[in-house]
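The lines below spell out each chain.
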Amino acid sequence: MRMKKPARAAAILKDGLWTGNVTFSQMLALCPLLAVTSTATNGLGMGLATTAVLILTNLAISLVRGLITPQVRIPAFILVIAGIVTLADLAINAWAHELYKVLGLFIPLIVTNCVILGRAEAFASRNAPSLSALDGFAMGMGFTGALTLIGAIREILGSGTLFANASLMLGPAFKALETVVIPEYKGFLLLVLPPGGFLVLGFLLAAKRLLELRTARRAETAAAAPGCH
Amino acid sequence: MAGTRTAPWFQGVLLGGFCLVASVTLALGYRLSAPAIEARQKEDMAASLEQVIPASYRSNDMVADAVVLDGPSGKTTTVYRARKGGTVTAVAYRVVGQGYGGEVVIVMGVDRNGEILGVRVVQHSETPGLGDKVDVRKTRWVDAFAGKSLANTPDAKWAVKKDGGQFDQFSGATITPRGVVKAVKEGLAFFAAHRTRMLDEAAGAAEPQREAPGRTPTPRSVS
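Top line first, the protein sequences correspond to chains A and B. Start counting the first sequence at 1; every next residue gets the next number (the numbering used here). Start counting the second sequence at 230; every next residue gets the next number (the numbering used here).
Worth double-checking, as some hints may not be accurate.
[Claimed, not checked] Label pairs and their in silico Cβ distance ranges:
{"hint": "1", "chain 1": "A", "residue 1": "Ser130", "chain 2": "B", "residue 2": "Asp273", "range": "35 to 45 Å"}
{"hint": "2", "chain 1": "A", "residue 1": "Arg218", "chain 2": "B", "residue 2": "Leu249", "range": "54 to 64 Å"}
{"hint": "3", "chain 1": "A", "residue 1": "Pro108", "chain 2": "B", "residue 2": "Ala373", "range": "45 to 55 Å"}
{"hint": "4", "chain 1": "B", "residue 1": "Tyr259", "chain 2": "A", "residue 2": "Thr19", "range": "36 to 46 Å"}
[Stated by the list, open to error] A few chain B residues that don't get close to chain A, going by computed Cβ distances all over 12 Å:
{"hint": "5", "residue": "Gln240"}
{"hint": "6", "residue": "Gly241"}
{"hint": "7", "residue": "Ala251"}
{"hint": "8", "residue": "Arg260"}
{"hint": "9", "residue": "Asp273"}
{"hint": "10", "residue": "Asp364"}
{"hint": "11", "residue": "Lys367"}
{"hint": "12", "residue": "Ala373"}
{"hint": "13", "residue": "Ala388"}
{"hint": "14", "residue": "Ala422"}
{"hint": "15", "residue": "Met427"}
[As the list claims (entries may be wrong)] Now the stretches of chain A that chain B is said to cover, found in silico as 3 or more residues with beta-carbon under 8 Å:
{"hint": "16", "region": "32–43"}
{"hint": "17", "region": "61–71"}
{"hint": "18", "region": "108–117"}
{"hint": "19", "region": "187–200"}
Source of the hints: derived by calculation from the structure; they are not laboratory data. Everything numeric in this text was worked out from a predicted model, so none of it was measured. For every residue, glycine included, the Cβ atom is placed at its ideal position computed from N, Cα and C.
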């Protein structure tokens, strides 16, 4: 089952972005997902912050994986994760203050994101630091993609805009991202409120399932070799 | 070695070691970032003062020209003053309202006659997309306060429309604007109660003033 390094890396990326996507396959981290995806910008910001933390925690936990005993691994992981999130919170507040003003609210929430503990347990505690960091990146990007997609759908249908206030968070260069999709739109509050998050997530999950079913059926009829997943 | 690693005391020592390393790292991180964070907060304060008092009202450094007054429950409020040619033309101070997600910190500027020049929400934890519309970067809702005073707006109108007042609420979020309106109204009462002291031109006089009992102003909590 040992793969060559590039193949292993590609498998990790594919797993994080699609087959094992945090949101659409593992169905984890639904709490931040539903809470912050009222706009695409919020989703993107939360996703990027989570990705950064996930890379760091996976790296740190992989480095000390030989030291931690199975009995106390969960409290030890939580401690490492909470410490890194707190440091990230302080650093962003001190040296990226504009970003902090927009994201500040969400950063402490990252501690409670079960994906971070999940990847520490399932991947980083069993793999080399470089692969663990890559896994953190892949999972984080998959999560960011999901958050931004759900945020975009909710924002377009709920408020009629896309990437509103993106320049506040990412800098004036991103002003171009801000678009008004439906001018004079009165807004559809249901999609901005948490139930909208559930609805959009449900439709997207169904879409992914359909897509996978179709791919599988096509593979069957072509009598192709079974895939490795 | 295997015996040691499964022994209960080893788990305790291991966790203790992790805690120690984490505490030291956090303490270091805090000490390294604290001066920068404090500087950023001062800059934010100066920037929000400039937003609530128009440039035509001031020719001085407002952050340096402050009086500290007694708020309710023993807390103090720092009142920053704008001057033109020695005369205090306007004052700015923080009031704290209760929102949906906790405290909403507001800075308000008031001119000599008790009329609001500007209101800004500087810190809050309101729901993104709903309650955070009180933040001027999201909507211009706070502009509705400009020009209002206790004299020109009757008591009953200091409320959101849902409660019979004249300020808009947001669809899906009434608690936040309600809290902000209440805090701003209390801020004006605070100005009325301390007007003489706030407009006192003797600079640097920062000793807290004692108020007669029963005439205490009402901002909820002030820092």
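A quick look at each hint next to the structure:
Range check, Ser130(A) to Asp273(B): Cβ separation about 40 Å, and the 35 to 45 Å hint holds. Taking 54 to 64 Å as the suggested C-beta distance range, the pair Arg218(A) and Leu249(B) conforms, at roughly 57 Å. Distance hint check: the CB atoms of Pro108(A) and Ala373(B) are about 32 Å apart, inconsistent with the given range 45 to 55 Å. A beta carbon spacing of about 41 Å between Tyr259(B) and Thr19(A) agrees with the range 36 to 46 Å that was offered as a hint.
With 12 Å as the threshold on Cβ separation, the claim that Gln240(B) sits away from chain A is violated: the shortest Cβ distance comes to roughly 5 Å. Distance to chain A contradicts Gly241(B) as a non-interface residue, since its nearest Cβ pair spans about 8 Å, not more than 12 Å. Consistency note on Ala251(B): stated as away from chain A, yet its beta-carbon is not over 12 Å from all of that chain's, at 4 Å minimum. Non-interface status of Arg260(B) relative to chain A is broken: a Cβ of that chain comes within 12 Å, the nearest being about 10 Å off.
Not every C-beta of chain A lies more than 12 Å from that of Asp273(B), the closest at about 8 Å, which undercuts listing it as non-interface. Residue-level check failed: Asp364(B) sits 9 Å from the nearest beta carbon of chain A, not beyond 12 Å. Distance check for Lys367(B) against chain A: the nearest CB is about 7 Å away, which does not clear 12 Å, and the non-interface claim fails. With a cut of 12 Å on Cβ distances, Ala373(B) stays outside the contact zone with chain A, its closest approach being about 19 Å.
Look at Ala388(B): its CB is around 22 Å from the nearest CB on chain A, clear of 12 Å, so calling it non-interface holds up. With a cut of 12 Å on Cβ distances, Ala422(B) stays outside the contact zone with chain A, its closest approach being about 33 Å. With 12 Å as the threshold on Cβ separation, the claim that Met427(B) sits away from chain A holds: the shortest Cβ distance comes to roughly 29 Å. Check on the region 32–43 of chain A: 4 of its residues sit with their Cβ under 8 Å from a Cβ of chain B, so the three-residue criterion for coverage holds.
With a threshold of 8 Å between beta carbons, the proposed coverage of the region 61–71 of chain A by chain B holds, since 4 of its residues qualify and at least three are required. Coverage of a stretch by a chain is defined here by at least three residues with a beta carbon nearer than 8 Å to that chain's beta carbons; for the region 108–117 of chain A and chain B the count is 0, and the condition is violated. A stretch counts as covered by a chain when three or more of its residues have a beta carbon under 8 Å from one of that chain; for the region 187–200 of chain A and chain B the count is 4, and the coverage holds.
The structure fails hints 3, 5, 6, 7, 8, 9, 10, 11 and 18 (numbered hints given earlier, in ascending order).
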